[in-house]
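Participant: Read top to bottom, the protein sequences are chains U and W. Residue numbers are given in numbering that gives the first Met the number 0: position 278 of the first sequence equals residue 277, and the series is strictly consecutive. Residue numbers are given in numbering that gives the first Met the number 0: position 248 of the second sequence equals residue 247, and the series is strictly consecutive.
Just so you know, these hints were derived from the structure itself, not from any lab. A few of these clues could be false.
FRET-style restraints, in silico, Cβ to Cβ [said to hold, decoys possible]: (1) U:Arg-238 <-> W:His-61: 53 to 61 angstroms; (2) W:Leu-164 <-> U:Gly-291: 57 to 65 angstroms; (3) U:Gly-444 <-> W:Lys-79: 35 to 43 angstroms; (4) U:Ala-87 <-> W:Ser-382: 43 to 51 angstroms; (5) U:Leu-254 <-> W:Ser-382: 32 to 40 angstroms; (6) W:Asn-204 <-> U:Thr-76: 52 to 60 angstroms; (7) W:Asp-242 <-> U:Glu-332: 48 to 56 angstroms; (8) U:Arg-238 <-> W:Leu-446: 35 to 43 angstroms; (9) U:Lys-22 <-> W:Gly-410: 26 to 34 angstroms.
Glycine residues also receive a C-beta, built at the ideal position from the N, C-alpha and C atoms.
The residues making up each chain are set out below.
2 protein chains.
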Amino acid sequence: MVREIIVIGSGAAGITAASYARKTDPDAKITVFTEDTDIAYSPCAIPWAVEGKIAWENVVMHTPEHYSEKKNIDVLTQTKADFVDSSAKTVAAGGKTYRYDSLVIATGGKVFIPPINGVGLDGVFAVRTVQDGKRIQSYLRDVKEVAVCGAGTIGLEMASTFLDLGKEVMVIEMMDQVIPRIADKDMADRIQKYLEERGARFVLNAPVQAVIGTGKVRGVTAGDNNYPCEMVIFATGVRANTDIPKQLNFDIGQLGGVIVSPSLQPYRRGRIVPDIFVAGDVIQFESAVMPGPTMSQLGSTAVRQGAVAGANAAGGNAMYGPIASPWVSVIGEKEIAGTGLSLGLASWYGVTAVSGKAEGLTRARYYPGATEMIVKVLADAASHRLIGAQIIAGEGATGRIDWITSAIVSGMTAEDFLVRAENAYCPSTSMVKDVVISAVEDLCGKLK
Amino acid sequence: MVREIIVIGSGAAGITAASYARKTDPDAKITVFTEDTDIAYSPCAIPWAVEGKIAWENVVMHTPEHYSEKKNIDVLTQTKADFVDSSAKTVAAGGKTYRYDSLVIATGGKVFIPPINGVGLDGVFAVRTVQDGKRIQSYLRDVKEVAVCGAGTIGLEMASTFLDLGKEVMVIEMMDQVIPRIADKDMADRIQKYLEERGARFVLNAPVQAVIGTGKVRGVTAGDNNYPCEMVIFATGVRANTDIPKQLNFDIGQLGGVIVSPSLQPYRRGRIVPDIFVAGDVIQFESAVMPGPTMSQLGSTAVRQGAVAGANAAGGNAMYGPIASPWVSVIGEKEIAGTGLSLGLASWYGVTAVSGKAEGLTRARYYPGATEMIVKVLADAASHRLIGAQIIAGEGATGRIDWITSAIVSGMTAEDFLVRAENAYCPSTSMVKDVVISAVEDLCGKLK
Numbered sequence: 000m001v002r003e004i005i006v007i008g009s010g011a012a013g014i015t016a017a018s019y020a021r022k023t024d025p026d027a028k029i030t031v032f033t034e035d036t037d038i039a040y041s042p043c044a045i046p047w048a049v050e051g052k053i054a055w056e057n058v059v060m061h062t063p064e065h066y067s068e069k070k071n072i073d074v075l076t077q078t079k080a081d082f083v084d085s086s087a088k089t090v091a092a093g094g095k096t097y098r099y100d101s102l103v104i105a106t107g108g109k110v111f112i113p114p115i116n117g118v119g120l121d122g123v124f125a126v127r128t129v130q131d132g133k134r135i136q137s138y139l140r141d142v143k144e145v146a147v148c149g150a151g152t153i154g155l156e157m158a159s160t161f162l163d164l165g166k167e168v169m170v171i172e173m174m175d176q177v178i179p180r181i182a183d184k185d186m187a188d189r190i191q192k193y194l195e196e197r198g199a200r201f202v203l204n205a206p207v208q209a210v211i212g213t214g215k216v217r218g219v220t221a222g223d224n225n226y227p228c229e230m231v232i233f234a235t236g237v238r239a240n241t242d243i244p245k246q247l248n249f250d251i252g253q254l255g256g257v258i259v260s261p262s263l264q265p266y267r268r269g270r271i272v273p274d275i276f277v278a279g280d281v282i283q284f285e286s287a288v289m290p291g292p293t294m295s296q297l298g299s300t301a302v303r304q305g306a307v308a309g310a311n312a313a314g315g316n317a318m319y320g321p322i323a324s325p326w327v328s329v330i331g332e333k334e335i336a337g338t339g340l341s342l343g344l345a346s347w348y349g350v351t352a353v354s355g356k357a358e359g360l361t362r363a364r365y366y367p368g369a370t371e372m373i374v375k376v377l378a379d380a381a382s383h384r385l386i387g388a389q390i391i392a393g394e395g396a397t398g399r400i401d402w403i404t405s406a407i408v409s410g411m412t413a414e415d416f417l418v419r420a421e422n423a424y425c426p427s428t429s430m431v432k433d434v435v436i437s438a439v440e441d442l443c444g445k446l447k
Numbered sequence: 000m001v002r003e004i005i006v007i008g009s010g011a012a013g014i015t016a017a018s019y020a021r022k023t024d025p026d027a028k029i030t031v032f033t034e035d036t037d038i039a040y041s042p043c044a045i046p047w048a049v050e051g052k053i054a055w056e057n058v059v060m061h062t063p064e065h066y067s068e069k070k071n072i073d074v075l076t077q078t079k080a081d082f083v084d085s086s087a088k089t090v091a092a093g094g095k096t097y098r099y100d101s102l103v104i105a106t107g108g109k110v111f112i113p114p115i116n117g118v119g120l121d122g123v124f125a126v127r128t129v130q131d132g133k134r135i136q137s138y139l140r141d142v143k144e145v146a147v148c149g150a151g152t153i154g155l156e157m158a159s160t161f162l163d164l165g166k167e168v169m170v171i172e173m174m175d176q177v178i179p180r181i182a183d184k185d186m187a188d189r190i191q192k193y194l195e196e197r198g199a200r201f202v203l204n205a206p207v208q209a210v211i212g213t214g215k216v217r218g219v220t221a222g223d224n225n226y227p228c229e230m231v232i233f234a235t236g237v238r239a240n241t242d243i244p245k246q247l248n249f250d251i252g253q254l255g256g257v258i259v260s261p262s263l264q265p266y267r268r269g270r271i272v273p274d275i276f277v278a279g280d281v282i283q284f285e286s287a288v289m290p291g292p293t294m295s296q297l298g299s300t301a302v303r304q305g306a307v308a309g310a311n312a313a314g315g316n317a318m319y320g321p322i323a324s325p326w327v328s329v330i331g332e333k334e335i336a337g338t339g340l341s342l343g344l345a346s347w348y349g350v351t352a353v354s355g356k357a358e359g360l361t362r363a364r365y366y367p368g369a370t371e372m373i374v375k376v377l378a379d380a381a382s383h384r385l386i387g388a389q390i391i392a393g394e395g396a397t398g399r400i401d402w403i404t405s406a407i408v409s410g411m412t413a414e415d416f417l418v419r420a421e422n423a424y425c426p427s428t429s430m431v432k433d434v435v436i437s438a439v440e441d442l443c444g445k446l447k
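When you get a sec, could you build the whole thing from the sequences and use the hints?
Facilitator: Now the structure itself:
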């Protein structure tokens with residue numbers, strides 16, 4: 000009997016699940032349903048595609064035809080999965096009913112747009128799909144002033160894109176810093192300053208209250224002030240899209256995501272649900288840093304979860320581990336990366352954090368192209384275990400944050416790290432003692 | 000009583016030791032002896048300085064005056080320490096005798112030049128000091144053909160420099176591959192091919208037998224053939240400079256380096272020698288990968304050892320840990336980096352290694368500037384522990400090799416790595432699943 004596998008969702012988790020299901024079971028019948036028009040693209044590429052640095056046709060890596068021909072996977076686009084019956088093992092989608100042996104739910108996240116007046120006006124956009132991006136690019140042509148609501152990484156990447164395109168840019172954020180939650184204020188302030196130097200204006204501590212205009216956008220109200228603009232971008236975060244999990248009565252966790260086992264199976268009233276796997280932005284998972292849940296909502300996390308869910312849906316026995324969620328964002332000429340807990344997240348877990356910091360360069364001082372690098376590392380004051388880090392640099396932040404992530408997930412203390420950590424050195428790729436090690440040295444001093 | 004600290008050697012280990020001694024004891028009298036003319040420079044910068052990409056005055060980071068004025072450290076250049084009396088606690092240098100309370104020996108390595116005919120001819124050079132580099136640069140002007148003896152990283156970096164300067168380049172190596180010992184043949188062959196495409200010729204399996212010429216170089220003999228050239232560069236490796244340790248009857252290890260404790264103190268007939276610390280290219284140390292000794296001879300290692308030796312010489316209590324020795328070399332547009340054991344080193348430790356490999360890109364496929372990246376990872380067939388890795392890429396190899404190093408030194412198995420490893424992702428800095436993770440995935444398949 001051929002195994003029938005259905006995947007709901009064609010984002011990073013869903014498409015990877017389908018591919019790994021195929022790797023695990025060459026004979027299975029695999030069908031993917033998606034509401035989207037395009038599949039297998041990286042939403043993270045949208046800011047650069049809007050700017051014209053990448054062609055839209057390159058953002059979309061593969062077409063449904065590719066999956067059909069190369070992997071024998073049917074991808075049905077613009078086909079919403081409306082209803083799942085986990086007893087009958089069927090999915091209702093696009094007016095038809097399909098049966099499954101195993102099901103992967105990778106419904107991702109929904110852009111959160113605050114329930115305020117004016118969000119339906121022409122000139123209001125979210126940043127999630129390729130279609131969103133193309134509409135932004137097209138509307139932008141006749142626009143001088145753009146307001147970006149939400150100063151997270153996507154918001155700031157879009158702000159940087161608009162500055163490059165010669166627009167006047169205002170960023171509105173309800174918290175008292177940019178990149179709230181995952182970055183500390185001292186690090187975030189440097190990115191804000193960098194964008195201010197390029198001409199962006201920031202309105203902090205100001206929730207967006209309304210979009211103003213008739214027919215099309217003429218301004219926004221935030222923190223009781225009105226700001227004129229012709230276009231509004233909502234980058235106010237993503238909420239887990241739990242419509243189907245809720246309909247199936249799956250247990251939802253403290254952070255609003257589906258609770259899953261290490262095999263990525265959901266629970267219903269505390270019992271594992273057989274034959275269903277959930278992956279990507281829709282789940283929450285154990286933190287690798289502290290006991291307790293975390294929500295990653297990163298493309299890289301979704302891909303790794305999709306691989307586990309897909310393999311298991313096809314009869315495999317893959318396991319998923321606790322996560323530290325390293326991230327990196329490129330904002331103009333600056334890379335900002337982080338991993339594990341920020342000071343804010345540490346306090347959420349009830350941890351008292353101690354921080355160390357060092358400034359240096361990405362290459363030897365004398366080597367052309369060296370850029371400034373600032374590394375901040377956090378440890379738990381009680382155990383001295385490394386719990387987080389943030390880096391701002393002109394290059395090379397990604398590998399270094401992956402390095403610190405590896406130390407965090409293996410439970411290393413700051414002192415252990417200092418004794419054991421080594422860095423490869425060549426004048427054109429690092430300082431002889433990498434700034435990461437100097438930051439941990441500073442941290443160890445603070446922990447004494 | 001003011002503590003008197005003497006440091007012998009002004010390379011990465013010696014100068015760092017002096018600086019950390021000063022940090023640890025603000026009042027100590029600190030004196031550094033060096034045979035060299037210049038101090039506090041990175042020999043790793045020489046290939047780029049010869050090429051003119053870096054000015055010589057920038058390669059030398061600080062002068063003796065800087066150390067005297069800013070750190071109250073006396074650096075005596077061109078002053079050879081001839082003799083140490085560890086009973087009287089004195090050093091004879093430059094015709095005078097100095098007493099010490101504690102002594103740091105950081106005499107580094109001696110360039111190994113094979114004992115063959117013709118090495119005294121004009122046009123024969125080593126690559127170790129700034130003076131070597133300046134002499135090479137000056138002699139090079141009237142030269143068309145250069146032979147580089149030794150295809151290690153320094154030899155290939157020099158070869159690439161000579162190609163950039165329009166010279167004809169021949170590389171002579173006694174082993175059957177370039178970058179022997181620390182790189183595997185399959186990876187090294189790619190670097191060889193890259194240099195061949197740029198015009199370099201390689202003569203492998205051919206020990207250099209003689210330099211030919213009268214007065215000045217006219218050719219070399221290698222593998223019983225004569226090759227015409229006007230200049231010969233010896234990059235045939237570095238041997239621990241153990242003149243003083245041997246004179247002091249310190250125990251020398253299997254690899255020819257001074258054996259030291261984690262406090263970096265030497266042994267004499269198995270007993271710790273008090274008040275003396277040894278650091279840098281002159282020592283061997285425990286491997287972090289397998290039980291047994293290793294020799295790092297890297298600038299980054301020397302700096303970390305210098306910090307420990309200097310702090311301890313000033314009354315501190317710092318400890319040095321086992322080492323994996325990550326390294327990176329930039330050869331034209333290629334970075335090649337490695338860590339832990341190569342196949343050859345694994346066999347030296349009696350380990351059966353299994354390897355996994357993946358090819359991909361340093362950025363998202365569609366992002367401008369993405370370069371090819373090849374990652375090879377090695378595990379111990381018995382325990383499945385990660386024991387080594389090598390990366391070739393156009394960018395970003397350093398941080399990634401530091402990442403894998405961290406996993407190796409924490410004793411992670413390949414399977415653990417696959418469950419726990421995460422990578423930060425942004426289209427301009429990595430693929431959504433980093434090639435490192437794909438390589439470990441391949442490795443796990445091989446280990447099954």
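Participant: So, for every hint listed, does it hold in this structure?
Facilitator: Now for the hints, and whether the structure bears them out:
{"no.": "1", "hint": "U:Arg-238 <-> W:His-61: 53 to 61 angstroms", "in the structure": "holds (55 angstroms)"}
{"no.": "2", "hint": "W:Leu-164 <-> U:Gly-291: 57 to 65 angstroms", "in the structure": "holds (59 angstroms)"}
{"no.": "3", "hint": "U:Gly-444 <-> W:Lys-79: 35 to 43 angstroms", "in the structure": "holds (37 angstroms)"}
{"no.": "4", "hint": "U:Ala-87 <-> W:Ser-382: 43 to 51 angstroms", "in the structure": "holds (47 angstroms)"}
{"no.": "5", "hint": "U:Leu-254 <-> W:Ser-382: 32 to 40 angstroms", "in the structure": "holds (37 angstroms)"}
{"no.": "6", "hint": "W:Asn-204 <-> U:Thr-76: 52 to 60 angstroms", "in the structure": "holds (58 angstroms)"}
{"no.": "7", "hint": "W:Asp-242 <-> U:Glu-332: 48 to 56 angstroms", "in the structure": "holds (49 angstroms)"}
{"no.": "8", "hint": "U:Arg-238 <-> W:Leu-446: 35 to 43 angstroms", "in the structure": "holds (40 angstroms)"}
{"no.": "9", "hint": "U:Lys-22 <-> W:Gly-410: 26 to 34 angstroms", "in the structure": "holds (29 angstroms)"}
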